[in-house]
Amino acid sequence: MSGAVFEVDGEVCVPTPIARAGWYEDALHGGPVAALFARAVERVPAVVEMTVTRLTVDIMRPVPTRPMRVATRVVRDGRRIQVVEASLLVDDDEMARASALRIRSKEVSVPEHPSLPVPPDPEGLAPYRIRQEDGEWFHSRAVEARFVAGDFYETGPATVWMRLMRPLFAGEEPSPLQRVAALSDFGNGMSRVVPWTWLFINGDLSVHLLRPAVGEWVCLDSRTDLAGGIGLAQSRLFDHQGLVGHALQGLLIEAPKEADTAG
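Take any residue in the sequence shown, count from 1 to its spot, add 45: that is its number in my numbering.
Quick caveat, the hints were computed from the structure, so don't treat them as lab data.
Possibly wrong hints are sitting among the right ones.
[Unchecked claim] Beta-carbon label-pair distances, calculated as ranges:
(1) W243 - D71: 17 to 25 Å
(2) D122 - E199: 42 to 50 Å
(3) E94 - E218: 44 to 52 Å
(4) P159 - D122: 30 to 38 Å
(5) H158 - T96: 13 to 21 Å
(6) E199 - S150: 36 to 44 Å
Source: prediction; values computed, not measured.
The beta-carbon is built from N, C-alpha and C at its ideal position, and this holds for glycine as well.
Work out the full structure: start from the sequences and follow the hints.
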């Protein structure tokens with residue numbers, strides 16, 4: 046992988062062109078935003094080894110492609126559970142915020158219980174690059190997709206393996222949490238039920254995890270449901286060993302004329 050999504054200078058992160066989304070001009074895709082929060086949360090000290098089991102991101106306004114920093118604070122500390130809050134700041138204005146739940150890492154013997162089958166391995170599937178010819182975008186330049194079911198250019202549920210083709214941060218290997226956070230934001234796009242001319246943008250992303258993902262591939266088994274102008278995209282997340290967790294996105298739904306005249 047070469048050509049990072051962000052350049053890092055101390056506490057300041059500078060997005061490169063491939064961090065952008067297609068919804069708004071010169072605004073970040075939600076995946077890089079979630080990955081920034083994941084990186085910041087993982088760097089918060091804890092008295093014992095902790096695992097992030099929930100990361101919730103609220104995107105309060107489009108995040109511009111300008112230098113930014115993430116400020117964190119611990120709102121609940123302990124040896125078994127810790128809660129961290131974070132704010133993404135551009136010119137000291139809060140653009141997005143996050144909350145992370147961390148639980149102590151410990152092996153516990155648990156009863157046998159049924160598990161979900163793992164989707165077919167990505168190595169046996171045809172590569173599928175998400176195409177967009179008019180510029181650099183996160184979804185078209187920074188990720189690779191391999192579909193088990195569904196298609197990016199068709200509506201309806203989809204099951205798709207995804208991996209990062211670029212490092213998120215220059216000189217750093219993405220952590221399992223950063224990979225999952227960045228890729229989980231694709232659930233609404235992969236399982237859309239309205240045409241591309243509609244707006245179906247997510248205002249949040251909430252990822253609940255059983256364990257860290259293993260390997261570079263993450264599978265999203267995604268579907269979207271609508272009720273008027275509100276939608277919910279939900280994704281079951283897998284690695285090659287089995288279920289990793291679940292992701293939810295609350296969606297703003299607008300028809301083309303509404304989107305064109307929205308203030």
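Original post:
Okay, D122 versus E199 on CB: inside 42 to 50 Å?
Top reply: holds, 47 Å
Subject >> Pairwise beta carbon distance, W243 to D71, judged against the given window 17 to 25 Å >> reply: holds, 22 Å
Original post:
Could one say that the CB atoms of E199 and S150 fall in the range 36 to 44 Å?
Top reply: holds, 40 Å
Original post:
Quick one: are H158 and T96 within 13 to 21 Å, going by C-beta?
Top reply: Once the Cβ atoms are compared, 20 Å apart, the range 13 to 21 Å for T96 and H158 holds.
Subject >> E94 versus E218 beta-carbon gap, inside 44 to 52 Å or not >> reply: Cβ of E94 to Cβ of E218: about 19 Å, so the range 44 to 52 Å is violated.
Subject >> Satisfaction of the hinted span 30 to 38 Å by the C-beta atoms belonging to P159 and D122 >> reply: The hinted range 30 to 38 Å holds for P159 and D122, with Cβ atoms some 36 Å apart.
Violated hint for the displayed structure: number 3, the only one.
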